[in-house]
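Asks: These protein sequences, in sequence, are chains A, B, C and D. The first sequence begins at 1234 in the numbering used here and counts up one residue at a time. The second sequence begins at 1234 in the numbering used here and counts up one residue at a time. The third sequence begins at 1380 in the numbering used here and counts up one residue at a time. The fourth sequence begins at 1380 in the numbering used here and counts up one residue at a time.
Since the hints were derived computationally from the structure, they do not count as laboratory data. From the three backbone atoms N, C-alpha and C, an ideal C-beta is built for every residue, glycine too. One or more hints might be untrue.
Said to hold, decoys possible - Pairwise CB distance ranges, derived in the manner of DEER restraints: (1) A/SER1691 - B/GLU1269: 33 to 39 Å; (2) A/PRO1413 - B/TRP1562: 25 to 31 Å; (3) B/SER1693 - A/GLU1269: 31 to 37 Å; (4) C/GLY1535 - B/GLY1432: 30 to 36 Å; (5) B/ASP1325 - A/PRO1488: 22 to 28 Å; (6) B/GLN1293 - C/GLY1535: 23 to 29 Å; (7) B/SER1693 - C/GLY1535: 49 to 55 Å.
One-letter residues, chain by chain:
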Amino acid sequence: MTLFRKILVANRGEIAVRIIRACQELGIPTVAVYSEADAAALHTTLADEAVCIGPPPPLQSYLQAETILAVARERGCDAIHPGYGFLAENADFAAAVAAAGLTFIGPTAAAMRAMGGKIPSRQVMEAAGVPVVPGYHPVATDPAAQKAELAEASVRLGYPIRIKASAGGGGKGMRVVADPDRFIAELESARREAQNAFGNSTVYLEKLIPGPRHIEFQILADHYGHVVHLGERECSIQRRHQKIIEETPSPALTPELRARMGAAAVAAAQAVGYTNAGTVEFLLAPDGHFYFLEMNTRLQVEHPITEAVTGIDLVKAQIRIAAGEPLPWRQEAITWRGHAIEARIYAEDPAHRFLPTTGRVLLLSEPVGPGIRVDTGITAGDAIGLYYDPMIAKLICWAEDRADAVRKLDWALAHYLIAGVTTNIPFLQAIVRHPAYHQGMLSTDFVERHLADWQPPSLSPPDEILIAAAVADVQGYGVISVAEAMASGGEPYNPWAMADGFRLGGG
Amino acid sequence: MTLFRKILVANRGEIAVRIIRACQELGIPTVAVYSEADAAALHTTLADEAVCIGPPPPLQSYLQAETILAVARERGCDAIHPGYGFLAENADFAAAVAAAGLTFIGPTAAAMRAMGGKIPSRQVMEAAGVPVVPGYHPVATDPAAQKAELAEASVRLGYPIRIKASAGGGGKGMRVVADPDRFIAELESARREAQNAFGNSTVYLEKLIPGPRHIEFQILADHYGHVVHLGERECSIQRRHQKIIEETPSPALTPELRARMGAAAVAAAQAVGYTNAGTVEFLLAPDGHFYFLEMNTRLQVEHPITEAVTGIDLVKAQIRIAAGEPLPWRQEAITWRGHAIEARIYAEDPAHRFLPTTGRVLLLSEPVGPGIRVDTGITAGDAIGLYYDPMIAKLICWAEDRADAVRKLDWALAHYLIAGVTTNIPFLQAIVRHPAYHQGMLSTDFVERHLADWQPPSLSPPDEILIAAAVADVQGYGVISVAEAMASGGEPYNPWAMADGFRLGGG
Amino acid sequence: MEFRYAWNDGEATVRVEPEAEGLRVTISRPDREPVTYRVTVVRREGERLVLTIEDRPRVFRVARDGKTRWVAQDARAFRLEPPNPRGAQRSAADGSLTAVMPGKVLDVLVQPGQRVGAGAPLVILEAMKMELRITAPSDGEVVAVFVRAGDVVNPGQRLVEVR
Amino acid sequence: MEFRYAWNDGEATVRVEPEAEGLRVTISRPDREPVTYRVTVVRREGERLVLTIEDRPRVFRVARDGKTRWVAQDARAFRLEPPNPRGAQRSAADGSLTAVMPGKVLDVLVQPGQRVGAGAPLVILEAMKMELRITAPSDGEVVAVFVRAGDVVNPGQRLVEVR
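Use the sequences and the hints to build the structure in full.
Replies: Now the structure itself:
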C-alpha cells in the first residue's frame, strides 16, 4: 500500500532533512547516510536509520556512489532520493541505481544526459525551436585544442562573454570576461574550478545579455507523458552567480508571457521524455525576449516558494511520481495564490568580501509565525565546516501580495538570531530594504548595480549588552569536563546532593 | 499613510505575540502591557515598548481596563487590540476605548452587547429565523429566584441538560447535568466559576443535543455593510468543553450545507450591524440539522486554520477593517485550498486527570517544516504559572488533503519537545492516531466515547537515556550564582584567563 | 561514580568508570542483569550532549530543575527523579491523593471514616481560575484528610487518603 | 571585578560591584564619561540571562566560544573579543590581508616590492570547493608575503601585506 518500502536519502543538510520529513509524513522509513563530520547532524538523527559512509570530504563520502548504493541494498531500501547537488545530476549514478533494481527519485539517466549537461540541452532546445542564448560549445576534446577553439569563438561572439561549466551550477566554474587579454587565464581558472566541483572540466561560452532577469519554470512530469508547469520563480538577485533571493510570481511576467514561457518549459521536458521534477531556466532580457539557459534535472534549492503559492508539496510529488502514480492535476487545476520569497542564509562574512565563515552555531533562534517557513539542517551547537556548501538555512515568507511578503521577509530577517558564525543576514536585509527591490526592479546584476559598495553597518554594542556580558562572565559558563570531574574524586557519590538543598529522606 | 500610529496590545501569551508580529509587518509600532509575572515574556520583549500594569493575577493586571487605557493614551496609541479572553468581549471596555477617541480593534460595544452575551444573541438569531438550541434564560435577577426559575425550566426542557455561562466561553462555568438531584449543586458551582472567570455569574440552560459536531463560521465585516464568511472550522474534539483539536474544512459539510450555514452566519452579523472579525458557532446534529450556539465577537484561538486554507491573514484584516478600509474581497473571491488542523498544547497532565501543570520549560524544540506553524508565547526558560490559561502553544498543520494533514500533525506532535512541564501531547497523539479520527467521525463527545479510559503509556527510559543522564551529572550543570562568584574573591580579574589556553599577546 | 535514577514505576543504578579511552557505563535495573556500555563524550554545550555509545553517535538534550533531571533524545523527553527510599507518596496509585499543581482548597467534601464510591468528589481546588474536583479513584474509605478549606497547597502535597 | 571587551572598532571596560541589593555595573568607554547602572540578576539558565537594569527587565542570550563572547538581545547578536593590546592585525584595514577562513593556498601571484592596483589578485585560496581570490584593497606596494602555494592557512593568518 505504501509508495516505497524504505528510501535512502543520499544527501545532507537542509535538503536531506526536508526529504526525510516528507518520507516520514508519507509513512515511509528512511535511511540517512552521513560523513564523520555529520555524526550528530540533524539529518542523521532525524532519519529512522543512519549509516556512516566516510570521512568529511564529499569525494570520500557523499559522492561515493558505490558505497551509497551498497548501503541502500544492505538496508533493504527500494528507492534513493538524491536531493540536489552531490549525486543528484549524476546520470551514471541514476543508471546504477536503476540497474540495481532500485528506484532513483528523479528523471531517468537518459533524460538527465539529454537535458542535464548544458551543452546537449541547448541543442535539444534549439531543435525544439526555443530561443537559446547565443553561444559556443567546443568540438575538440584535447584541452589545448579546446583552448584555442574557445578563444577564437569568444572573439566571434563578442565581448563581454561568459564562460560556464557544462556540468553543475551555483556559479562554480563560471566567469565573466570583459577583456580578451584575460580570456585564457579565466578559462583555465574556470576549468580548474569545474573539475574540482563537478569532476568535469568541460566549459562552454555564452554571449553576455546585459541586465537580464533569471526566470525559471518548475515542471512535474509523470510516467504517462503528462507534464505540467507550476509557474515561474524569479531568481535575479544573485551574487557571484549564486542565487540569494528568489520569488514567485515574478514582478516582470504578464499572464501571457507566463503561458508562453511555461509552454516552452513543458515542451522542453516532453522533447526528452522527461519524468519527475525539473526546472527550466531562462534569461528574460529587458526587451521582453526570453532565452533558454539550462535545465536542472532535480529538485531546486528554491522549490519552497513554488510550494507556497501552488500548495503542492514538490518532494511528496516527486516520491509519488517515482512510485508510478499519475499526476493528479491538469494544467488548468494548478493555481497560484499570494506571493512567496526565499532568502538564503549563508555562513559568509559580508564585511570580508563574503568569504565563507566557519565556526560553531552557539545561539540560534529562527523566526516563526504565519507564512514563515525555515528549512535548515542546523541545530544550535552544530559546527559549520569547511567541507560543504556554506548555505545554512532557507527563509521562506509567504503573504497575500508582494508588498506584504517583502515586509514579512524584512521582519523575519530582523528576528533571525544566529550567533557564533557570521552570516549574510545584514546583506539580505540591505537588499530587501532597497527601493529598487521594493519596486520589483530586479536583474541579475542587481547587487553589482545597487549594492556594490555596501558594507555592513559597524555597530557598537549598547551598554546593556556589555552589562550582560560582564554578568555572564561573573557567573561563568559552567559545565566541567568529564576528566576534571573524575580527577576531583572517584568516590561513588550522589548527584542529588549537589542540587539546591535537597536531602534524601531517611530509611 | 500607515493604518495606525501605534497599537496597544491588551493581552499576553501567544495571541499577543501574534498581534505584535502582524503590527510589525504592517509597520505599526506596538506597546505591550505585562504583569509582573511576564516581565521577561516573549510578548513583552518583542513589542517596541512594554509597560508593567500590575501583579500577576489578571484582575490586578490584564483585566485592569482603566490602567490599560491610560497606558494607551500616555504612550500615544491610537488603537487597542484586545486579542481573545481578558477584555476582548468586554463591551464596557470597547465603549471606553471609543469614548477616549481611540479605535478598539473589534466590533462596536453595541454589536458586542447584542451578539456577545449568549442570551441576547439567541434572541437575535431567533428573530432572524436561524434555528437555536432549545433553551431557557432566566428572567429573575435575584439569585434565589433565578435558581428556582432555572430548576423548573430544567424539568420542562428535559434532562440531560447543559448549564452555560452567559459571558465567556472555554467551558468555564459550563456543566452537564444528567440527574435532576444534582441540578442545584451544579448550578451553584457553575455560577461561582462564571463569576470568578468573567466577573458575571449569569447562566442559562440549553437542551443537550446528543453526539453533535461543533461547527463555527469565521466572518469578516467592514464599516460599509459588507460581510463575508471565510468558511467553517470544525471544533468537535473537546475535553470538558474545551476545544483541543480543530480543523477545516469539516469532513461533515457538503458545499450546499456550507453555503446555507455561511449565509446564516453572515445574516447574524448583518442583523446587528456587526463589524470586524467574528465567529458564529453552530451545533450540527447527526441528522444534519444545525443550531445557532453563540457568536464570539473577537478573534478566535483557532483562527490560524482559516488563515491556512483561505490565505487571508485575519489579524491584518482586523487591523485594516478597524482603520476603515473596505473588505477587498467579494464572497466569491474567498477560496479554500487544502486542509488545516490545529492542536492545542496544554500544560496539563494526562496521567492525572488533565490537571494543569506548572513548572519551567527547560527544553523546547518546536517542529518545523513546510505546512507547519507554531503559535506560542513561550520560550525556553519560561515559567508556566498558575495565573493564566494553561495553553502554551498552538500547532497548526496544513496539507493538500485531510489524510496528509493528519499525518503531518502526527509527525509534528512526535517531533515537539517540551521538557520541564508535563503537557497533553501524548493525549493529542492518541486522538490523532485513533481510527475514528482518521475517518473524520467527529463529535463533541469524541473523547468520552473513544478515549475515556485512555492513560498515557508509561515508558521506561531506555539505557541510552540513563547513560546521558549520568554523563551530564558527572559534568554538572554549570553556572554559579553571582553571590558565589563574588564571595570567591573580589579581585579584578581577566575573564579571558578562564578560557581554554588563550593567552594575550605581550606589549 | 554511581548514580541512581527513578521514574514513574521503575529505577536504575548507573555506574560511570573512566577507561583508557572514554568511559565504561554500567546500568543495573532490578529486573535485569547489569549491562555495560563503552561511551565517549564528543561534546557538551549547555543542554546539548553528544556521546558515542558503542561507537554509535547519539545526541541528547539534558536539563536539571532542582532534583529533577530531564533527558531527551530526538523529541522524546524522560523525567528522572532521585529514588524515594521509602517508596511512599507514590501518589494516586496507593490511594493517597496529592495536589499535582499549586492551588487553593475551596472545599473538602469528605471526612475520615466516610465511605466513598469511585468518582465521588473529595476536595475542590481552585487553580488557574478553574474549579478542579479531586475525585475518588475507586470505591473505598477515607482514612485521612490532610487539608481544609482555605489552605494553599503545593504540588505533591497530600490532600486525602482513600483505601 | 573588571572586564574588558573589544569589538570591530571599539572597546570598553565594565566594572561589576556587589551592592546591598544586586549589582552596580559601571561602563567606561574611551570616548565617554563612565556610566553606572543598578543591575539585578533575575535568572540565568544556560544561555538565557534575565536581568533588571535600572528596574527594567531585560532578556539576553549569552554564549562563549573560547575567548569570544556572543551576547544577543532580541535577535541582535554582538561579538565581543578580548582587547588586543597592540591593536595590530586589525585585518584588511591596515593593508595586512588575513585569511578569514581555513583553506589551502593555490597560488601566490605577487612578490614583495611589486606595485599593485586596487582589485589586483594577490593570492588564490581554495576553500569550500571554491577558488577565492584575495585582491588588493587599494593601490599600493606589496611589502611582505607570508605564505606560499600549498600552505594550509587558518582564519586570522596573515597572507600578504600591501601598503
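Asks: Give a verdict on every hint.
Replies: Cross-check of the supplied hints:
Against the hinted window of 33 to 39 Å, the Cβ-Cβ separation of A/SER1691 and B/GLU1269 comes to about 38 Å, which satisfies the hint. As the Cβ distance of A/PRO1413 to B/TRP1562 is approximately 58 Å, the hint placing it in 25 to 31 Å is violated. Distance hint for B/SER1693 and A/GLU1269: a CB-CB separation of about 32 Å, consistent with the stated range 31 to 37 Å. The hinted window of 30 to 36 Å between C/GLY1535 and B/GLY1432 holds, with their beta carbons roughly 33 Å apart.
The given range of 22 to 28 Å is broken by B/ASP1325 and A/PRO1488, whose C-beta atoms sit roughly 52 Å from each other. A C-beta distance of roughly 28 Å is found between B/GLN1293 and C/GLY1535, which places it inside the suggested range of 23 to 29 Å. Checked against the given bound of 49 to 55 Å, the beta carbons of B/SER1693 and C/GLY1535, roughly 22 Å apart, lie outside it.
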